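Number of protein chains: 4
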Amino acid sequence: MSPRPEDTATLLVSCPDRRGLVAALAQLLYGHGANILDADQHSDASVGQFFQRIRFDLSEMHTDRGTLERAIAEVAERFAMEWSLSYGSRRKRMAIFVSRYDHCLHDLLWRHRAGELDCDLPLVVSNHRDLAGTVEQLGHHLHVFAITPETKREQEEAQLALLAEHSVDVIVLARYMQVLSAEFVARYPNRIINIHHSFLPAFVGGKPYHQAHERGVKLIGATAHYATADLDEGPILEQAVVRASHRDSVEDLVRKGRDVERVALAAAVRAHLEDRVIVHGRRTVVFD
Amino acid sequence: MSPRPEDTATLLVSCPDRRGLVAALAQLLYGHGANILDADQHSDASVGQFFQRIRFDLSEMHTDRGTLERAIAEVAERFAMEWSLSYGSRRKRMAIFVSRYDHCLHDLLWRHRAGELDCDLPLVVSNHRDLAGTVEQLGHHLHVFAITPETKREQEEAQLALLAEHSVDVIVLARYMQVLSAEFVARYPNRIINIHHSFLPAFVGGKPYHQAHERGVKLIGATAHYATADLDEGPILEQAVVRASHRDSVEDLVRKGRDVERVALAAAVRAHLEDRVIVHGRRTVVFD
Amino acid sequence: MSPRPEDTATLLVSCPDRRGLVAALAQLLYGHGANILDADQHSDASVGQFFQRIRFDLSEMHTDRGTLERAIAEVAERFAMEWSLSYGSRRKRMAIFVSRYDHCLHDLLWRHRAGELDCDLPLVVSNHRDLAGTVEQLGHHLHVFAITPETKREQEEAQLALLAEHSVDVIVLARYMQVLSAEFVARYPNRIINIHHSFLPAFVGGKPYHQAHERGVKLIGATAHYATADLDEGPILEQAVVRASHRDSVEDLVRKGRDVERVALAAAVRAHLEDRVIVHGRRTVVFD
Amino acid sequence: MSPRPEDTATLLVSCPDRRGLVAALAQLLYGHGANILDADQHSDASVGQFFQRIRFDLSEMHTDRGTLERAIAEVAERFAMEWSLSYGSRRKRMAIFVSRYDHCLHDLLWRHRAGELDCDLPLVVSNHRDLAGTVEQLGHHLHVFAITPETKREQEEAQLALLAEHSVDVIVLARYMQVLSAEFVARYPNRIINIHHSFLPAFVGGKPYHQAHERGVKLIGATAHYATADLDEGPILEQAVVRASHRDSVEDLVRKGRDVERVALAAAVRAHLEDRVIVHGRRTVVFD
Chain A
95 MSPRPEDTAT LLVSCPDRRG LVAALAQLLY GHGANILDAD QHSDASVGQF
145 FQRIRFDLSE MHTDRGTLER AIAEVAERFA MEWSLSYGSR RKRMAIFVSR
195 YDHCLHDLLW RHRAGELDCD LPLVVSNHRD LAGTVEQLGH HLHVFAITPE
245 TKREQEEAQL ALLAEHSVDV IVLARYMQVL SAEFVARYPN RIINIHHSFL
295 PAFVGGKPYH QAHERGVKLI GATAHYATAD LDEGPILEQA VVRASHRDSV
345 EDLVRKGRDV ERVALAAAVR AHLEDRVIVH GRRTVVFD
Chain B
95 MSPRPEDTAT LLVSCPDRRG LVAALAQLLY GHGANILDAD QHSDASVGQF
145 FQRIRFDLSE MHTDRGTLER AIAEVAERFA MEWSLSYGSR RKRMAIFVSR
195 YDHCLHDLLW RHRAGELDCD LPLVVSNHRD LAGTVEQLGH HLHVFAITPE
245 TKREQEEAQL ALLAEHSVDV IVLARYMQVL SAEFVARYPN RIINIHHSFL
295 PAFVGGKPYH QAHERGVKLI GATAHYATAD LDEGPILEQA VVRASHRDSV
345 EDLVRKGRDV ERVALAAAVR AHLEDRVIVH GRRTVVFD
Chain C
95 MSPRPEDTAT LLVSCPDRRG LVAALAQLLY GHGANILDAD QHSDASVGQF
145 FQRIRFDLSE MHTDRGTLER AIAEVAERFA MEWSLSYGSR RKRMAIFVSR
195 YDHCLHDLLW RHRAGELDCD LPLVVSNHRD LAGTVEQLGH HLHVFAITPE
245 TKREQEEAQL ALLAEHSVDV IVLARYMQVL SAEFVARYPN RIINIHHSFL
295 PAFVGGKPYH QAHERGVKLI GATAHYATAD LDEGPILEQA VVRASHRDSV
345 EDLVRKGRDV ERVALAAAVR AHLEDRVIVH GRRTVVFD
Chain D
95 MSPRPEDTAT LLVSCPDRRG LVAALAQLLY GHGANILDAD QHSDASVGQF
145 FQRIRFDLSE MHTDRGTLER AIAEVAERFA MEWSLSYGSR RKRMAIFVSR
195 YDHCLHDLLW RHRAGELDCD LPLVVSNHRD LAGTVEQLGH HLHVFAITPE
245 TKREQEEAQL ALLAEHSVDV IVLARYMQVL SAEFVARYPN RIINIHHSFL
295 PAFVGGKPYH QAHERGVKLI GATAHYATAD LDEGPILEQA VVRASHRDSV
345 EDLVRKGRDV ERVALAAAVR AHLEDRVIVH GRRTVVFD
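Protein chains in written order, with this note's numbering: chain A, 95 to 382; chain B, 95 to 382; chain C, 95 to 382; chain D, 95 to 382.
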């Protein structure tokens, strides 16, 4: 029943809400012989915006991909749609950026090997040598870019060149402890996923577990979000929490936090890789 | 932007999965001037079944309801669909059955008053007098049907007559400690919602909190499900859990359990009232 | 086996950590024939502070309460302990303050009747008439103190007089939408429990659900804390969260939030009533 | 303030509840100059049993360990206590048993390296070759014992010999798909930790995710428990759940389940390694 993944495509659409949108797209796809496998939509009444994700089967299309894309572009213009189309036959290419903490890195590499993350993983990048052995051991090479205030600009240029050379689509900051410049971020809009080690917007900035301990909170959390030029302010993809108590030292919070960081980040990465995310302003629509 | 609730309708569809389903329904509604507000669908590959919920706006339809219904019936026959259509202009009518525990009753009555449950509430029924005062105090009348093995059949007949007289659509067993006969259940298929005070299928049968205590579980739960002739075996609508520990006596488990029972039952009742549930075999599709 | 509640007492102790503390108190109680039922302790290495809660049985004491208290005072002085002793034979007396939202009020009154909250409930106070009917219906009288900037001081004086007259020990702000003056708060240090409708310190201040919606968070929460002169900054007693998604409007967040507010507030009130809380600086120790 | 871990010891005690227990042990330790760092106790009124965990500092003891142990034995006899004493200076030695699924193995090895699990890890054992490469890559050697019904007895003997040779204290069955014989289990009573991939007692036996899918549950879980001769019936150490929905195929449940299996198993192993568990009948006391 289920088609082969490489015969499918996913269309993401966002536009001002108005009548006839669902029918227009359903009819268009039907007319080209593209069978809808899965359609989910959302209307946000507070901003009058419509969002839709349609996954469809290309294997019995009457027309070719180019024709289909031109048809979508026509409808999109009529309805002022922003849209993107991604083909199952082209796997996304992911880079992982890491510094000294290896829990998210380990987790992502394990999930990748286990088949949970449908992507190629051509690059692991760090601003420190520390994890070179670990990364090697897990079958990857670590690209190290030592960064000082003086070298930051040129090192980021070198990183961008490497990313371009490997055709990277999405960057995961797996506890990368180096703020990316606005220029860098602008090159991958809504394609850089960061994990912040707190329940944002509580505890922005550095040392959130120390802040949480000091404030005496009873839950601690983690937030996966798209990186933007404003640190800790990007659109939120996923959040998770775990109970804490007076018995937890800062070290305990750090340990507990690692578990929720891994889970929140992995869920966010999966959602991105499966084309389930649409960003609108500061907010995300994350289809199930 | 949002239409008035009474101008909307919700269509639920279940049928063998095949191509063209989404387009057929979208096109049909568009053709009658019914604007789709919200559409969610699900294909269960394991059983080859397709499920869809479409909420639409009737206020600018070109045709009348009868014509629309006939058109849906035609499409439904072509695709072997089971379907139901409910109009926002007709509120569902709910009866609550209760015995001696009042936490779910209180919670449902409060939620009803707070506007969380979009229904009329013409009947509260019990097999005991105990809660008559409570129910009265909260502005309802308690209909008492004392039941013994000898009187069960005739009392159920009387209950069914009362339910029919008040045009009840859905019955909520809010800790009703009396097993309904198969005949009674058959009169309201997938329209009787029960709350079982355990995480089913763990701890079926009586005294689940005692069983949970004896087994030393670290989480206790509650399960809201449609009642079927097989006790504790009906399609599950919602489940919730809460942590337990060695410190919890049976009484503590009962107390903690009340909180998750209330939450699970309320969520299930909301889902039913909002036409978000389709039953297929022993399982439910509960759209968000 | 278990003694009658009225034969028990609970000792709470906080002091600089040093050796011999546990033995000193255990020995003292043993020497008076007070049998320890339950003892829990915590050492916070980050601040070098020791905390202990001891519940004991008075029924076979060799000495009287006065003698026991003098003995405790002696040990306390030696170890620079802050301590409090509460007797099971004297139930705490609670006042509930409420404004226009009734979900926490309803929940607390129901829990009180169900025996979950071991206290007397002599007073329900509001700054609005709106809930007078509801409170009446539930068997209590609503004391209304309309408050304007001009009348605030005198109305708070009148409230304090009423609280004193009814020997109130603990005040629960069950969504009381009126900021208490620093003078008022100072009269009930660590004895006023507030529920804030967000996961503090995220979304301090007004309209937290609007803030949460605007920020696009994926979890919303509630925080029960002791009220202090600094709004939203008091020691946290309990926090709870629930998942949110892009589908949730502000109204949905408000509805979901009500459920976690009720649960977090009830847990905090129980902990306080059962003498399980010690405040140290901005943080709480909440024994299980 | 905090003593070095190697200067600490942990005493676990279980006995019929009676007065004077807490004072007797506190006094005993004080008399030997052993400073109590942490004491937690629990009385289970339903069975009249008392449980206590005391962690203390040995660095300023007046007497030697032998003398202390003899003194404890004396008190223990008086009160009919079962007790065990473990010294921080002797790390526990853990063996991991694994079959073909590597998620729990990976997780435990990572946590061990990260310092979350305070133990030596001399052995990784399997009944299959499959994970030899993975285990090697992570810096350990895999001991393979192929098992058929005919060779089971002798292979278990060989495993037991290997375990004895490496002085293993605790065995973790990290998805080990081979039932241990009653004789094997009897050699490590309450020292073999298993992870069952369901919320026990729901879905005992094989293929619990298939069972869960078939039953249409809305939460799936994992249970870490001590292995006993009765499969899936041992004392429960930890349980965790995650939400499921109609959208989850069996494969999705398996994937989601891996996350909760890892978390539940890791928590159980930590509790065991930190001497926070006492078993009484079928139930556990797991101190925080």
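Read the hints as simulated data drawn from the structure, not as lab findings.
Treat the hints with care, since some could be wrong.
Chain copies aren't distinguished; within one or between two, either way the pair holds.
[Claimed, not checked] Okay, derived cross-link-like pairs now, DMTMM-like style, lysine to aspartate or glutamate, Cα gap no bigger than 25 Å in a straight line: (1) 301 x 324; (2) 301 x 251; (3) 350 x 259; (4) 301 x 327; (5) 186 x 345; (6) 350 x 214; (7) 350 x 210; (8) 350 x 368; (9) 350 x 308; (10) 301 x 101; (11) 350 x 100; (12) 301 x 326; (13) 301 x 345; (14) 186 x 346; (15) 301 x 248; (16) 350 x 212; (17) 246 x 171; (18) 350 x 248; (19) 350 x 369; (20) 301 x 210.
Note that the coordinates shown come from a computational prediction; the quantities given were computed from them, not determined experimentally.
Review point. Which numbered hints are broken by the structure, listed smallest first?
Key: Numbers 2, 3, 10, 15, 17, 18 - these are the hints that the structure violates, sorted from lowest upward.
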